[in-house]
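Residue numbers (UniProt numbering), protein chains in the order written: chain A, 1 to 368; chain B, 1 to 368.
Accuracy of the hints is not assured; some may be wrong.
[As the list claims (entries may be wrong)] Taking lysine-lysine pairs in the DSSO-like style, the calculated list, with each CA pair at most 27 Å apart, reads:
| hint | chain 1 | residue 1 | chain 2 | residue 2 |
| --- | --- | --- | --- | --- |
| 1 | A | K349 | B | K349 |
| 2 | B | K217 | B | K327 |
| 3 | B | K302 | B | K163 |
| 4 | A | K302 | B | K295 |
| 5 | B | K146 | B | K163 |
| 6 | A | K302 | A | K42 |
| 7 | B | K32 | B | K146 |
| 8 | A | K295 | A | K130 |
| 9 | B | K302 | A | K295 |
[Unchecked claim] Distance ranges between label pairs, derived from CB positions:
| hint | chain 1 | residue 1 | chain 2 | residue 2 | range |
| --- | --- | --- | --- | --- | --- |
| 10 | A | E249 | B | D162 | 49 to 55 Å |
| 11 | A | R303 | B | D69 | 44 to 50 Å |
| 12 | B | N6 | A | S287 | 32 to 38 Å |
No lab work stands behind these hints: they were computed from the structure.
Just so it is clear, the structure is predicted and the values come from calculations on it, not from any experiment.
Yeah, the Cβ is synthetic: ideal placement off N, Cα and C, and Gly gets one too.
There are 2 protein chains.
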Amino acid sequence: MSFELNWGVIGPGRIASTFINDLLHSHDTLRKDVTSKKIRHKLVAIASSSSVERARKFKEDSINEASDDGIKCYGSYNEIFNDPKVDILYIATPNLNHYQLCFDALSHGKNVLMEKPFTINYKQAEILAKLAKDKHLFLMEAYWTKFLPVYREVYDLLFSHDKSPIGEIKRVVSDLSFTFPRDDPGMERIYDPSLGGGVTLDIGIYSMYWPLGFLDKDCQLTFPDIAASANMADTGVDISTAVILKYNENNTLGIATCSGFFDNHSHGVVINGTKGRIEVDDSCVPSEYWVYDEKNEPLIHKRFNYNGRGMFFEADHVADCLARGLKESPLHTLSHTIRMAKILDTVRKQVGTIYPESLESTETSKTK
Amino acid sequence: MSFELNWGVIGPGRIASTFINDLLHSHDTLRKDVTSKKIRHKLVAIASSSSVERARKFKEDSINEASDDGIKCYGSYNEIFNDPKVDILYIATPNLNHYQLCFDALSHGKNVLMEKPFTINYKQAEILAKLAKDKHLFLMEAYWTKFLPVYREVYDLLFSHDKSPIGEIKRVVSDLSFTFPRDDPGMERIYDPSLGGGVTLDIGIYSMYWPLGFLDKDCQLTFPDIAASANMADTGVDISTAVILKYNENNTLGIATCSGFFDNHSHGVVINGTKGRIEVDDSCVPSEYWVYDEKNEPLIHKRFNYNGRGMFFEADHVADCLARGLKESPLHTLSHTIRMAKILDTVRKQVGTIYPESLESTETSKTK
C-alpha cells in the first residue's frame with residue numbers, strides 16, 4: 001500500500017525550490033514513510049501569475065526533475081486551481097497575497113499548505129480556518145521547524161514522559177536574528193510596509209513559536225499578556241523587536257526577540273525549568289540540543305544531520321495527515337496558527353508597524 | 001606616600017562580611033594600589049541598631065581580624081555617625097531603611113558607599129545625590145560588578161579604542177536568575193513587599209545595568225521606552241521579570257530578565273554588534289568573556305581568577321576616588337544610580353509591584 005500526494009506550487013521562488021527539492025529528492029533515513037514507499041510525493045504543477053515562462057524557468061532552473069516529467073506549467077493561478085491532478089497546493093508567494101490565494105485555493109476545493117506568515121492578520125486567519133473546515137479540506141501553516149527532529153525530541157522529553165528532565169518549565173527565551181542591510185535590494189520585502197514587511201512577520205514568528213509551543217502547547221491558556229517594543233526602520237516597520245509573553249495560569253514568561261541588525265549565532269532557544277534547562281542551537285533550523293540539570297551538569301547532547309534543509313519532515317507529515325484523512329495537523333493545529341496571528345497583531349500594534357488598509361482587509365475578489 | 005581609608009559598617013550581615021573581608025585581606029595581584037601600599041583599608045567601627053552584642057558577634061564570627069584590633073562595636077547608629085575615626089560608611093542593611101540611613105550618614109558628614117538597591121525609588125535617590133553634593137561628600141551605589149576586570153575589559157574593548165571588535169552595538173541581552181524557594185525562611189526579603197521585595201530590586205538591577213551601561217554609557221540619551229512584564233508571587237511582588245529598554249537615538253534594544261524560579265547557568269550577558277558579539281558568563285560576578293566575529297569565529301576568550309568574591313575592586317576604587325578628593329566615582333556616577341532608580345520605578349509600576357507608602361516616602365526622621 002502506498003499513498004501518492006500530488007503537489008502544485010504557487011509562488012515559484014527560492015523557498016519553493018528548497019521545499020520541493022527537499023520533499024522530492026531526499027533519501028534521508030529519517031524519512032521512514034518515504035524510504036519504505038508508504039508515502040510518495042509528486043510535483044504535478046507550477047503556477048506563476050506573471051507568465052507561463054516564469055513557471056517553466058522555475059521548473060528548469062530550480063527543480064531537479066527529468067524533462068518529460070509531466071509537470072504542468074501555468075501562467076495563471078486559475079489554471080492550477082482547476083487542475084484536477086493537484087491534491088494540495090503549496091503557496092509560497094510574498095506575504096501580501098497569502099490571504100486571497102489561500103481563500104481562492106480552498107474555494108476551488110484544494111488542500112493547502114500555506115507559507116508563513118499564514119495571513120497578514122488574525123481576522124484573515126480565522127476566515128481561512130473556517131473556510132477549510134466548511135469545505136472539509138486540509139489546511140496547515142508551513143511552520144516547518146516544528147517537524148524537525150530537534151523540536152520533536154525536545155517536545156517529547158518535556159511532555160511525553162512522566163517526568164520532565166528539567167522540572168517545571170518556567171521560561172522560554174528565543175531569538176532569530178539576521179543581518180538585513182538597508183541598502184540590499186533583495187531585502188526590500190523586509191523594509192516595505194506595503195509588502196507586509198518588518199522583522200516580526202518574517203523571522204519573529206520562528207522565535208515566538210517556541211514560547212507559544214512550550215508554554216501553551218495546546219493553546220488552551222488565556223491569551224497571554226503581551227509587552228513588545230521595537231526599533232523602527234525609516235520606512236515605518238520594525239527592524240529589531242522584543243516580545244514578552246506572560247501566562248498567568250502557569251506562571252511562566254516567554255521572551256522572543258528578532259533583529260535585522262546582526263546574525264545571531266548564540267543559542268537560539270533556552271528553555272528554563274525549575275530543575276535545569278534545555279538549549280537549542282537555532283530557533284528556525286535547529287540541528288542540536290543540550291539538556292543540563294540544575295547544577296549545570298550536561299545530561300543529554302544530541303546533534304542531527306539530515307539531508308538538505310530538512311523541509312521534507314513537514315511535507316511527509318502533510319502526506320501522512322492526508323493519507324489518514326485528517327483535515328488538520330494534530331501537531332500544528334489551526335488553533336496554533338490563529339493564536340500566533342493574534343499575537344502578531346498585538347505585537348505590531350504595540351510597536352507601531354502599520355500596513356496599508358488593503359493588506360489588512362478581509363474582503364476577497366470573487367472566486368468561482 | 002600612602003592613603004589609609006577607615007571604614008565603618010552599618011548592617012552587619014552576610015554581604016558586609018564578604019565585602020569587608022575582601023577589602024581587608026585579599027592580596028590579589030590585580031590590586032596594584034593595595035599591594036604597592038599606595039592604598040590601605042582599615043575597619044574601624046561596626047554598628048548594629050539592635051544591640052552592641054550583634055556588632056561584636058559580627059566582628060568575632062565574620063571578620064578575620066586580631067582581637068585587639070581597635071574596631072569599635074556600637075549598639076546604635078548614632079554612635080557610628082559620630083565616631084570621628086570613620087571616613088566612610090558602608091551601609092548594607094535591608095532595603096527598607098537605605099534611604100533614612102544614607103540621609104543620616106550624609107547629614108553627619110560621613111562619606112557613604114550604599115548597597116543596592118540604592119533607595120526604594122527615584123525621588124529618594126535624587127534627594128540623597130543632592131545632599132551629598134551640598135555637603136561635599138563622596139556617595140556611590142555599591143554596584144561592584146562594574147569594577148570587576150571582565151566588565152572593565154569589555155567596556156574598554158567597546159569604547160576605548162578607535163574600532164570596536166563587534167562593530168556598532170545594537171542589542172544587549174542580560175539575565176540574572178536564582179532559585180528563591182517560596183518556603184525558605186531565608187528568602188523572606190524577596191517575597192515581602194514591606195521589606196522592599198520582588199526580584200527586580202534584588203537581582204534585576206544586575207541584569208539591567210548591562211543594557212544601561214553599554215547602550216547609554218554616560219546616561220546622556222533620552223530616558224528609554226520601557227516595556228516590562230512579570231510573573232507575580234502570591235504576596236504581590238514580582239518573582240520572574242522581563243524588561244525591554246528601547247533607545248531611540250542609537251536604535252538599540254536592551255532586554256534584561258531575572259527569575260526566582262531557577263538558577264540560570266547560561267551566559268549572563270550577550271552584547272550583539274553589527275560585526276559580532278560578546279558573551280559574558282555572568283551578569284553579577286563575571287569571570288569570563290568571549291568575543292566572536294560576525295562569522296561566529298572566536299576572537300578573544302579571557303578568564304580571570306581572583307581572590308574571594310572580588311568585592312575589593314570596588315573598595316579600592318572608592319579609596320582611589322577619596323585619595324584623589326573626588327566626591328563622585330567617574331566610573332559609576334550618581335547619574336547612573338538615579339537613572340537606574342527611575343528605570344526600577346517604571347518597571348515596578350508596569351508589573352504591579354507595590355510597596356507600602358512608608359517605604360516610598362521621602363520624609364526622614366529629624367537628624368542632628
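Status of the hints after comparison with the structure:
no.: 1; hint: A/K349 - B/K349; result: holds (22 Å)
no.: 2; hint: B/K217 - B/K327; result: holds (20 Å)
no.: 3; hint: B/K302 - B/K163; result: holds (19 Å)
no.: 4; hint: A/K302 - B/K295; result: holds (23 Å)
no.: 5; hint: B/K146 - B/K163; result: holds (22 Å)
no.: 6; hint: A/K302 - A/K42; result: violated (32 Å)
no.: 7; hint: B/K32 - B/K146; result: holds (18 Å)
no.: 8; hint: A/K295 - A/K130; result: violated (48 Å)
no.: 9; hint: B/K302 - A/K295; result: holds (23 Å)
no.: 10; hint: A/E249 - B/D162: 49 to 55 Å; result: holds (52 Å)
no.: 11; hint: A/R303 - B/D69: 44 to 50 Å; result: violated (59 Å)
no.: 12; hint: B/N6 - A/S287: 32 to 38 Å; result: violated (60 Å)
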